[in-house]
Each structure stands twice: as structure tokens, then as C-alpha cells.
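There are 2 protein chains.
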Amino acid sequence: MDSMVNFTPGPSQLYFTVADHLKKGFKDGIPSLSHRSKQFESIFARTTNGLRELLDIPSDYSIVFTGSATEIWERIIQNLVEEKSHHFVNGAFSKRFFEIAQQLNKKSTKTEVPAGSSFADSISIPEGTELIALTHNETSTGVSLSLPFIHSFKENNQECLVAVDAVSSLPYPSFDFTKIDSVFFSIQKGFGLPAGLGVWIFNRRCLDKANQLLAKGISIGSFHTLPLLHANAQKNQTPETPNVLAIYLLGKVVSDFLVRGATTMRQETQYKAALLYKALEDHTAIKPFVADKHNRSKTVIVAETGDRTEELTSFLQTRGFFPGEGYGSSKKNQLRFANFPAHSKEQFESLVDALSTFK
Amino acid sequence: MDSMVNFTPGPSQLYFTVADHLKKGFKDGIPSLSHRSKQFESIFARTTNGLRELLDIPSDYSIVFTGSATEIWERIIQNLVEEKSHHFVNGAFSKRFFEIAQQLNKKSTKTEVPAGSSFADSISIPEGTELIALTHNETSTGVSLSLPFIHSFKENNQECLVAVDAVSSLPYPSFDFTKIDSVFFSIQKGFGLPAGLGVWIFNRRCLDKANQLLAKGISIGSFHTLPLLHANAQKNQTPETPNVLAIYLLGKVVSDFLVRGATTMRQETQYKAALLYKALEDHTAIKPFVADKHNRSKTVIVAETGDRTEELTSFLQTRGFFPGEGYGSSKKNQLRFANFPAHSKEQFESLVDALSTFK
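If you read the protein sequences in the order shown, they are chains A and B. Using my numbering, you'd call the opening residue of the first sequence number 13 and step up by one each time. Using my numbering, you'd call the opening residue of the second sequence number 13 and step up by one each time.
In case anyone wonders, no lab produced these hints; they're calculated from the structure. You may find that some hints are simply not true.
A pair holds if it fits inside one copy or across any two, identical chains being indistinguishable in the list.
Heads up, simulated DSS-like pairs for lysine-lysine below, C-alpha to C-alpha not over 30 Å straight-line [stated by the list, open to error]:
1. Lys96 to Lys299
2. Lys118 to Lys191
3. Lys357 to Lys290
4. Lys50 to Lys299
5. Lys343 to Lys107
6. Lys228 to Lys119
7. Lys39 to Lys50
8. Lys344 to Lys247
9. Lys35 to Lys357
10. Lys299 to Lys119
11. Lys247 to Lys290
12. Lys305 to Lys290
13. Lys247 to Lys107
14. Lys343 to Lys119
15. Lys166 to Lys107
16. Lys299 to Lys371
17. Lys343 to Lys247
18. Lys357 to Lys118
19. Lys344 to Lys305
20. Lys343 to Lys166
21. Lys357 to Lys36
22. Lys50 to Lys344
23. Lys343 to Lys50
24. Lys39 to Lys343
25. Lys107 to Lys344
26. Lys122 to Lys228
27. Lys96 to Lys122
These numbers were taken from a predicted model, which means no experiment stands behind them.
Could you build all of it, start to finish, from the sequences and the hints given here?
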């Protein structure tokens, strides 16, 4: 290994092309570029068109930018919920989405299961729910919801909007957008970029809902309301001066991903995940935290490391592998390994080799 | 001139040290750095301590980060106003601050004067006003409010909070913080950095007010509430994954500014402004837009260029000077020149020389 590999789930390892794109961007004056210039509009268009192609986003869905995915949690509740959202909670991040609804004075409800587990197949949604909030990949525990589960709600809850937090899984999952109204992520995870930008994808139904709330005299925020974000995006613009450099870099990395091919990247993600889960299962001292194979995330792999956590961390770090700490109260007995496009097959193979020599 | 100079008021010319800081930051792994690490905490501390020293911010004022100054407009209204703010409006940006209060369903009031002018010395504030909102430097028109004017409100309105938008003037003005409760700016203007970060400075009275609203059951937002931003800042932390790289770069540029010295930088700003205003006054074809000398901004200098606008723009651009367009409806007959620390005396001297040869 030439240098260290950062396996923290986010901010994570930079995609290997980022430094060169940044050098080129500086040479081309991107950091001083006006967000009201034609040149910015073409950068905005290239980035959103690239994402549309990579993630197979239908043409009638809008793509807009915020400061973070945390901000999108707030904007979703503000713009899409008058009274009641229903949240699927199985870890710290899905819980925080629910708590944000409470902080915005909504009468939201939740279905909660313990950390490390997922949900029963058939769950009925409370009467009057306007928005169903699902976290595709619970970054704190390494539990991923299956796509059939996520897609199952639309049929029986046609009056609800379905919003999916895909912060630490995209660009891996292939969502069926006919069964989802909104998806969002941030760029410092699967896209291998410096933090500071959230990406929010939504359809016409979301826009209509926000406009309905506005028509009732309910405040849905100011500069980052869905109608204003949408109207600006139609002109390849943003309401405020955005993180221009991040939008530029995201466009460049998405182009790189398109050259590599979404299918290839997904297959590589599966290969790397299989490799690491196998190594954890075969190991004598550590094991996968998520017991049920069907619930195991492909993009954030959590190892139950018990009282060997500190020892294993040092062992890996001296070999150039920097694992992510366990989340919150699991800091002392778990390690997390991000499996993003920035993490190569060779790096995973070397990681697994190293793990096999840790007894 | 070796290369072009960007005089747009923002995003503006990069400070000359930024590219080197970025190179070093990449080498040190800043883009992949966890915002929950000790290393991030020390970056946060260095940046805020540097700002405290540079801007002479009292120790009982907090310094926190948002995605943009536009976001701070919203957060100020959300966190500090139950019903009524009073706004001083003399251009597009001060007007937008007022409109954001309306979008958040407040019963706000305003004192409005035409673009290019300032306010009468003695203005009484409507009964029941909780927050007085002042824009130190109206970026759209190049009108600056005097510091005595800004500082005058506290004495007669002790129950009000005073918030100052200093987006396109800091680090130039020397505010008296005993007469201001909150100040904010963004980094792509006077600090010469890529866009994507707002900086919000506030005192204990602001925090108390936000807590009072919370106690009344009023929602003040979720992740970027003042109490949560403050509690995190106490630990040199942020509520969400922030723009780590921008916080790092800001700290580096602030260190550079401290070496140069705030007094020197202020004197240079005055020198460069005097030079350009003199050139505009002496010119036969163009003139300063702001008629009253006392209202003229030192940091955003607006020229009335009439039907020569397009011709002058080309003339300057071929010489490597890129002026900012006039704002909104003044696009066709005005040009704006930012005068920030990134713009050197030599660049201003060359600009003025060029202007003198334009007949």
C-alpha cells in the first residue's frame, strides 16, 4: 500500500480523481465564478444531467442542492408535512430524521426496531400520514432496507409521499423512481468528495404539496423552499450563492463514474462487500454486527469487535487501513468499514488479507 | 498585469494564499477528515479564535458556521423574532432580509429609501420591535451605513436585538460589539475564499431570546437552531457535517490577515477606495453612483457608466480587469468594483490608470 485508506463512512476516502479536478478547477477560476454566470449554469446542468444519467432519475424529477443532507431532513419536513410524517427508525440517523419532525412541531409517528435489525415485511401506516420517511442505509448500524421493502409502500399508501434517505448508499442502489417521491444524499460518502453539499431529488407531487402548504398560509421556509429551489433549478441556478466548487467537483466525479459504468460500479461494490463479510464470518475474534444477511448493508459494513476494538484499530492503522469507529455507544466494541466507489477492489483484498492475519 | 483580476463583489478574487493552503490541506487529508475528530476541533478552534482576534469579537460572543449568509437571514428571523423585526431597506439585499421575515410569517416592518441613498440620522423604531435588522454594506448599490448610525440604536431601544449584515464589508469595519448583538458574513467576499460558508456571530442575549421562543413552544428550526449551534461551538463542533475544507481555509486566511494586521488592511482598503472614487469623480464619461460621499462604501464601489457600460467592460477586460456587473435593473448602466483584501494596491493603481485612458 502506497498510502493510507480511509474507511470512515463519511467524510470518507476521496475519489482518486478529485485532486486533479480541483487543480483544473482552480486554473479555470471556478472558486471565483459568479453563480449568476452562464458558465455556472452550464456547470449546474452538467452535474444534474450527469446525476440523472448515473442514477436513472426520470426527467420530471428535479435535482437541487443544499448545504448538507441534514438540511434536507429539515426541508423535507418543512415543505412536505403539514401535520404527520411516519418514520422507520432503526438507528441514530433515522431517529434524528424523526426528531427533526418533532422539533418542527409536527405530530409525527414512528415504527422503531432495535439497532442492527430491520422491519417486518408488512407494516401499516397510521391514518393521516402525509409522508413516509425511510432510511435506506442506517449509517450508524450498517443495516440496509431492501429495495422491495422501500418500493412496497406506494401501492397501499397512494396518498402519501415516500422520501428515502440514501445518504450513505448512493450511487449503489437502483431505485425505482415510480415508487419513490424524493431521495437525497450528501457528497462526502459514496461520491468521494469533500463535505459541504447535499443533493435533493424530488418529483412534481412534492412540489404540489409544498405549494398546497403555502396556499394555506403555512411557512415552508424562505430561500430553500421547494418551489424556489425548483424554479431556480429550471434555469440551472440556485436561490443563494452555493458551494460552487462542490457542484463543479460533483459533476466531474459523476462523469468519471459514468465512464466506469453504473453496472460495473455496483458489481464491484457487491464483490467488495462479499469479500469483507466473508472475512468477518470466517474470523475467530470478530464477526459481522448485523446478524441477518438480508439486512446487511453493502456500503457500510459494521464489525462487532468487542474488547479487541482498540487492538484491531492499531493493527489496521499500522498497515495503512483506517477503519471508522463504531457509532455512539458502540464506539468501544464496533468498527465500521465504508465500501464506496473510492475504495478499490485491491484495497479491500489487502484489508481482508490483513484481517486474516489478526488472531 | 500577469493575469486577470476579478472585481465582482462575490464570489470575488481569491486571496493569493488560498491555492497553497488548499494544496497543503489536501496533503494533510482535510477533505476526508471526520468532523467528530480532535483534529477538526482544533481547526474549528483556530478559525474561530483567529476571527475573534482579527475582528475584536468579545469572548462572550459565539462564532458558528452555516451554509451561506442567506441561510443566516432565515436563522436570525427564526431564532430571534416571535412577531416583529424592523428592517432598514435601501437595496436588493436589505430588501431580501425583510422579505425572508415575511416568508416566515412575521409581522415585520421596514424603513425604506431609494437605491443609492442612506437613512435619516434619527429614526424611531416601531413599538414591539424585537430585532432591528441593518445591512452595513448594501452590495447592490454600494451604499454603506456609518458605524455611528449602526451603533446609535442600542441606547434608545435597549429591549431590541440589533443584527448587522456585514456580508460584503467584513473584515473592513471595526464594529463596537457592545452596541450590536449579532453580525454575519460569508467567506466568498472580503475573505477571498470559494463560496459555501456563512459565519454567524452572536451574544448571550440572542441565545436567551431563542430559548424563550423554544420555551413558548415556537419552532426555531432543527439542526441550525441557535442553542444547538452554540452548544456544539462550545465543544469546537458543528451540529451537522459542515464544509470542513472551507472552515480550514478560512482559518488559514485569517492567520494571514493577522500577520498583515487589521489596521494595515483597513488603511489599504481606504487608500484603494479613495483612489478609485477620485478616478470616478475626475472622469469625463463615468461617475460614482452614490452621490453623498458619506454614504459611499469602501468595499463595493459602484460606477454609473450609463450607455458606455458595455464599451467600458470590454475595454477593462482586454486589460485583465473584470468588473462586476451592476445589480438587477442597473446591469446595463452601472459597474461594481469590489475592494477586498485580495485586491492589491498595485491592482487598484493599474485599474485607475486604465480608467484614465478611457475617454
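Now the hints, each set against the structure:
Proximity of Lys96 and Lys299 under a CA criterion of 30 Å is satisfied in neither setting, with 39 Å inside one chain copy and 58 Å between copies. For the identical chains of this complex, Lys118 and Lys191 are intra-copy neighbours only, at 24 Å inside a copy versus 38 Å across copies, given an alpha-carbon limit of 30 Å. For the identical chains of this complex, Lys357 and Lys290 are intra-copy neighbours only, at 15 Å inside a copy versus 64 Å across copies, given an alpha-carbon limit of 30 Å. In this assembly of identical chains, the alpha carbons of Lys50 and Lys299 lie at most 30 Å apart only when taken from different copies (28 Å versus 53 Å within one copy).
For the identical chains of this complex, Lys343 and Lys107 are intra-copy neighbours only, at 18 Å inside a copy versus 48 Å across copies, given an alpha-carbon limit of 30 Å. Taking the closest pair of Cα atoms, Lys228 and Lys119 come within 30 Å of each other both inside a single copy (18 Å) and across two copies (17 Å). Proximity of Lys39 and Lys50 under a CA criterion of 30 Å is satisfied intra-copy only: 18 Å inside one chain copy versus 33 Å between copies. In this assembly of identical chains, the alpha carbons of Lys344 and Lys247 lie at most 30 Å apart only when taken from different copies (21 Å versus 49 Å within one copy).
Both within a single protomer and between protomers do Lys35 and Lys357 lie at most 30 Å apart by alpha-carbon distance, with minima of 26 Å and 28 Å respectively. In this assembly of identical chains, the alpha carbons of Lys299 and Lys119 never lie at most 30 Å apart, being 39 Å within a copy and 59 Å across copies at closest. In the homo-oligomer, the alpha carbons of Lys247 and Lys290 never lie at most 30 Å apart, since the shortest distance is 48 Å inside one protomer and 40 Å across protomers. In the homo-oligomer, the alpha carbons of Lys305 and Lys290 lie at most 30 Å apart inside one protomer (11 Å), although the nearest pairing across protomers, at 75 Å, exceeds that limit.
Within a single copy, Lys247 and Lys107 get their C-alpha atoms only as close as 35 Å, which misses the 30 Å cut-off; across copies the closest is 23 Å, which meets it. Proximity of Lys343 and Lys119 under a CA criterion of 30 Å is satisfied in neither setting, with 32 Å inside one chain copy and 48 Å between copies. In this assembly of identical chains, the alpha carbons of Lys166 and Lys107 lie at most 30 Å apart only when taken from the same copy (22 Å versus 43 Å across copies). When the C-alpha separation of Lys299 and Lys371 is checked against a cutoff of 30 Å, the pair qualifies only within one copy, where the shortest distance is 13 Å, while the shortest distance between copies is 79 Å.
With identical chains, the CA atoms of Lys343 and Lys247 are at most 30 Å apart between copies only, with a shortest distance of 19 Å across copies and 45 Å within one. Within a single copy, Lys357 and Lys118 get their C-alpha atoms no closer than 45 Å, and across copies no closer than 55 Å, so neither meets the 30 Å cut-off. With identical chains, the CA atoms of Lys344 and Lys305 are at most 30 Å apart within one copy only, with a shortest distance of 23 Å there and 64 Å across copies. Taking CA atoms no more than 30 Å apart as the test, Lys343 paired with Lys166 passes in neither setting, with 37 Å inside one copy and 49 Å between copies.
In the homo-oligomer, the alpha carbons of Lys357 and Lys36 lie at most 30 Å apart both inside one protomer (27 Å) and across protomers (28 Å), since each shortest distance falls under that limit. In the homo-oligomer, the alpha carbons of Lys50 and Lys344 lie at most 30 Å apart only across protomers (17 Å), although the nearest pairing inside one protomer, at 51 Å, exceeds that limit. Taking the shortest alpha-carbon separations for Lys343 and Lys50, only the inter-copy value of 15 Å comes in at or below 30 Å, while the best intra-copy value is 47 Å. Taking the shortest Cα distances, Lys39 and Lys343 sit within 30 Å of each other only across copies (28 Å), while inside one copy they are farther apart (42 Å).
Proximity of Lys107 to Lys344 under the C-alpha cut-off of 30 Å is restricted to the intra-copy arrangement: shortest distance 21 Å within a copy versus 52 Å between copies. Within a single copy, Lys122 and Lys228 get their C-alpha atoms as close as 26 Å, and across copies as close as 25 Å, so both meet the 30 Å cut-off. Proximity of Lys96 and Lys122 under a CA criterion of 30 Å is satisfied intra-copy only: 10 Å inside one chain copy versus 36 Å between copies.
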